[in-house]
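Visitor: Sequence:
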Amino acid sequence: MRYWLMKSEPDVYSIDHLAGQKKKTDHWDGIRNYQARNFIRDDMSVGDLAFFYHSNCDEPGIVGIIEIVRSAYPDHTAFDPEEKYFDPKSDPDHPRWFMVDVRLKKKFRRGVLLKDIRAQKKLQKMRLVQRGNRLSILPVAKAEWNHILRMTGED
DNA sequence: GCCAACGTTGGC
DNA sequence: GCCAACGTTGGC
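Read in our numbering, the first sequence has 766 at position 132, and its numbers run on one by one without any break.
These aren't lab readings, by the way, just hints derived from the structure by calculation. It cannot be assumed that every hint is accurate.
[As the list claims (entries may be wrong)] What follows is a set of in silico ranges between Cβ atoms, one per label pair, in the way DEER data are often shown:
{"#": "1", "residue 1": "D645", "residue 2": "D789", "range": "29 to 35 angstroms"}
{"#": "2", "residue 1": "M635", "residue 2": "R730", "range": "36 to 42 angstroms"}
{"#": "3", "residue 1": "S679", "residue 2": "P726", "range": "20 to 26 angstroms"}
{"#": "4", "residue 1": "Y719", "residue 2": "N767", "range": "19 to 25 angstroms"}
{"#": "5", "residue 1": "L747", "residue 2": "P722", "range": "27 to 33 angstroms"}
{"#": "6", "residue 1": "D714", "residue 2": "R784", "range": "23 to 29 angstroms"}
{"#": "7", "residue 1": "K756", "residue 2": "P722", "range": "41 to 47 angstroms"}
{"#": "8", "residue 1": "D725", "residue 2": "E788", "range": "40 to 46 angstroms"}
{"#": "9", "residue 1": "V680", "residue 2": "F720", "range": "38 to 44 angstroms"}
{"#": "10", "residue 1": "A775", "residue 2": "N667", "range": "18 to 24 angstroms"}
[Unchecked claim] Distance condition first, Cα-Cα at most 20 angstroms in a straight line; then the derived PhoX-like pairs of lysine-lysine:
{"#": "11", "residue 1": "K739", "residue 2": "K656"}
{"#": "12", "residue 1": "K741", "residue 2": "K641"}
{"#": "13", "residue 1": "K739", "residue 2": "K718"}
{"#": "14", "residue 1": "K656", "residue 2": "K740"}
{"#": "15", "residue 1": "K739", "residue 2": "K641"}
{"#": "16", "residue 1": "K641", "residue 2": "K759"}
{"#": "17", "residue 1": "K776", "residue 2": "K657"}
{"#": "18", "residue 1": "K776", "residue 2": "K740"}
{"#": "19", "residue 1": "K776", "residue 2": "K641"}
{"#": "20", "residue 1": "K656", "residue 2": "K741"}
{"#": "21", "residue 1": "K657", "residue 2": "K740"}
{"#": "22", "residue 1": "K740", "residue 2": "K755"}
{"#": "23", "residue 1": "K739", "residue 2": "K759"}
{"#": "24", "residue 1": "K718", "residue 2": "K641"}
{"#": "25", "residue 1": "K755", "residue 2": "K658"}
Heads up, the beta-carbon is just placed ideally off N, CA and C, and yes, glycines get one too.
Given these sequences and hints, build the entire structure.
Guide: Take a look at the structure:
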């Protein structure tokens with residue numbers, strides 16, 4: 635069982651979008667970066683937990699917890715020319731991009747903001763707080779996961 | 001295979 | 001809106 639952090643821009647897809655889905659479950663499409671793809675395709679399993687992170691917004695930070703409920707399968711939005719993330723180099727016979735399904739497990743009453751994470755000595759090694767990190771899928775160490783959970787003040 | 005140009009991410 | 005970081009593209 636692994637821990638992850640998954641970024642989404644709230645203007646595009648926020649935690650409330652996910653909360654409004656049937657069974658609070660949805661696919662996580664649009665990953666178009668090889669490192670991120672390799673993480674979800676090779677290392678992510680059903681039952682893994684991930685922080686839902688709001689990026690590129692007024693208050694970037696972790697806003698809740700999601701659970702992986704389906705392991706990687708081809709991202710069909712790459713096949714559709716109408717889609718924003720269409721990629722002609724991916725086709726159903728040889729899919730290049732993959733996605734997983736996630737279910738909302740918990741929305742924090744108060745998110746853990748990036749600036750608060752940055753202020754934590756014990757979280758300095760997180761890839762999230764290191765400069766220039768643009769990866770949308772990041773592994774999180776168990777100790778870091780627990781530390782952030784404590785910062786929420788919830789169980 | 002090198003590397004300049006270009007595009008995207010994302011915090012600030 | 002700015003800009004640093006960094007991934008991708010394409011000419012050579």
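Visitor: Hint by hint, which ones does the structure fall short of?
Guide: 2, 5, 6, 9, 13, 17, 22, 23 and 25
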